[in-house]
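Asker: Chain residues, written in single-letter form:
2 protein chains.
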Amino acid sequence: MPLPHTAPSAARLLTVLRRELPEDALGIGPEATAPYAADRSGSRPEGEPLAVVHATRAEHVQTALRHAHELRVPVVPRGAGTGLSGGANAGAGSVVVDLSRMNRILELSPGEQTAVVEPGVITAELDRAAGEFGLRYAPDPASAAISTVGGNIATNAGGLRCAKYGVTRDAVLGLDAVLADGTLIRTGRRTVKGVTGYDLTALLTGSEGTLGVITAATVRLRPVPESTATVAAYFDTFAEGAEAVSALTAAHVEPAMAELLDGPVLAAVDAAQGTDLRSRGGSLLLLQCDGRAAEAEAEAAVRLLRKHAASVETTTDPVEADRLLTARRLVLPSLERLGRVLIEDIAVPRSQLAPAVREIAVIAERHDVRIFTFAHAADGNLHPILVLDPDSPDVPEAAWRAASDIFTTALRLGGTLTGEHGVGTLKRRWLAEELGAEQHALQRRVKAAFDPHHVLNPGKAL
Amino acid sequence: MPLPHTAPSAARLLTVLRRELPEDALGIGPEATAPYAADRSGSRPEGEPLAVVHATRAEHVQTALRHAHELRVPVVPRGAGTGLSGGANAGAGSVVVDLSRMNRILELSPGEQTAVVEPGVITAELDRAAGEFGLRYAPDPASAAISTVGGNIATNAGGLRCAKYGVTRDAVLGLDAVLADGTLIRTGRRTVKGVTGYDLTALLTGSEGTLGVITAATVRLRPVPESTATVAAYFDTFAEGAEAVSALTAAHVEPAMAELLDGPVLAAVDAAQGTDLRSRGGSLLLLQCDGRAAEAEAEAAVRLLRKHAASVETTTDPVEADRLLTARRLVLPSLERLGRVLIEDIAVPRSQLAPAVREIAVIAERHDVRIFTFAHAADGNLHPILVLDPDSPDVPEAAWRAASDIFTTALRLGGTLTGEHGVGTLKRRWLAEELGAEQHALQRRVKAAFDPHHVLNPGKAL
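Line by line, the protein sequences are chains U and R.
Last residue of the first sequence: number 462 in full-length UniProt numbering, and the count goes up by one each step with no gaps.
Last residue of the second sequence: number 462 in full-length UniProt numbering, and the count goes up by one each step with no gaps.
One chain only, chain U, in its complex shape:
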């Protein structure tokens, strides 16, 4: 939907924002806005945003939205800009609402095992603060050290511990959100249970800034598990690793983490780090069990894995566990040494992991693109990573075609376009295919109920 944005309305908005916001809360001009124009998706929007509002209070967000709504100027909410699907990209004529300065933990209640936080709190900071009380914030996207709780909620971020602890939505009890017209609402509750009214908390979670701007969140905390046991198993092929994960599920082992790395990923880590992972197998499964029965559960896993794996190691020693997990942590830095990375994110029914990876190999060959894949295997969530020529500023057509084939493969296998990164701008083309025309139309009506003039993050998510 083209926005009826015109230069005069932009000028009027800037005038009114200058008048109504504190001086240090408004950045105008390319120097001020450039750092806020794109996320980490590798795609860049056209043109430059008009201005950036550095909100330090919900009122600033309300002021910005109220006037933008009136003047029909698009607004792009932004946390730390670590998104991977273009959701925070801010193009010509838009105003960025930057929430990174709203970064206070307003309340942390060990008795209730809840926290109330502003959206700009870094996810790992919240986890650390909870840790002082033996608690933790369970959602742990790989970006936890640099992404914000608000951004994680806007994308319903996943992570490594989802297998056991669920996604961000499962940790969010209630939200303060500013609607497109500047109205502040408070959704959800502070209790563990509650069914009053429609679940707008869940609706806002994962809505990628298109329904409202989150200005506070009440989240659940959970006890840090008493102990953790880590297992590393090498397999000859990725398919065997995937089958082993299915066998674990069938045996009712419920790991907190099950990361499966394919052979090319292992070779890339070896090349970058001087390790010898690839020589030990064609895929590596890293498993963590936690809780009071962590060791017993890991032992059950090991007994089962020995039937499938080339080799299996296990430990409850944190230092040794860290050594085992290092390979996983080094995946991205190692791939980034090979070229420019484009991180994809599909999910399939767990039984379809191996077929999905087989298809991805075929797709890589068909389009002559290098693809490295690892998976949050217990969730069926795959990250095929396209590694592109670092010297080419644009993503080549072949890469987009490969990505397109990956998405349609996910849908054909009964899966989804995005397991945890969001639709953003990059996956909108395939959206209607997954949702169906009727649901897609309904979702647009829901959007209109929140934001009738399509001011909030237009062109994203839907």
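By construction, these hints were calculated from the structure, which means they are not laboratory data.
Do not take every clue at face value.
[Said to hold, decoys possible] Just a few of them, taken from the derived set where beta-carbon distance is under 7 Å, the chain U residues facing chain R:
id: 1; residue: G111
id: 2; residue: K193
id: 3; residue: G197
id: 4; residue: P223
id: 5; residue: T416
Built from N, CA and C at the ideal position, the CB exists for glycine as well.
Fit chain R to the given chain U structure using the hints.
Answerer: Just chain R now, with coordinates in the frame of chain U:
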């Protein structure tokens, strides 16, 4: 919003439904409709429904809704009619869409740990079918033996195991739903994770039939825990029991179940069943820990409870556990012998359990109403049960005033009007107070995006 329903449109609807539905799928006249006019809330709607559609396929639901939408005749979806808040009450001029005959388990995949079911499947039946594969359907409302999966989803039902396994929403991956105009949509997915589009699955869950009629659900199953340990602890007062539950939470014990019964409940069970529970304490806490570490966790609980309790018993023997749990199971039958029961359902932050129960005692005295309370204590979810004169057909004003005071107490303590039963018709009066005027207005706009003519279960939930 008054519906522009008139007798001519009703007559036309019946004519067209007679023509388009199979003969045995349509019931007309008081004899056919009377069993479908009310739920178990104790409130009765005014007048009689026009007809009842006994759907056996989604197409029947689509046909009924398409024409009802066109003719502006209200439709009341109904599972087993076991709701406690009036959500399935069908008054004058409405058409009931009965889903109880859509009761097939369409698919049960042990490998994926998912099932696809029609909405009329009895919750306990699904659990039993999953049990054949060592799996279970975690949501376990007390009504599981008589309520349906679809009805549970429509109310986002809770239950006893929520403390560890969450509510119904946490088990629902995707839905088939018929919208007000007869359109069938398929929300969500079959994968564990996925963030494509707005989370309409969560929005439909708990929407009490006001946004769409569920015709199929894809749900998660979970492994049956390896072992279960049960603990029973008596305390001198309810407050001490509530404090013990807080102490367990603080010690990071995570029971699968924590039911706390107050003294009057114990006395009522004694009177009905000849037991001597009340002589052993002023409240009884029943705790279950499950999983690989059930015994170790129960032992940790017992060590802690001994500091607070008058007496503590524990067992891992299923027969002995059943004896300990009998008191809980006998609560409702025992209270029903004392009079007509009105079951309330509030939730408060866990630290506010004891204050809530103290307030409830004051409210009972103020309005001279007998109130018996038990709680899903680890969730802060309280069920104050008003026991009324069995010979009076109407609920006396004093009871409604007491209920009103209970709701406002819940809100004052930072809680919610309904932990798991839903708003239905009975709690609408207090809804705006909990949601706030702005969110309430937004929720009505969301409703209109789904059902612009307010045909689906009007006068409920919102």
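Asker: Of the hints given before, which are not true for this structure?
Answerer: Hints that this structure does not satisfy do not exist here, as all of them hold.
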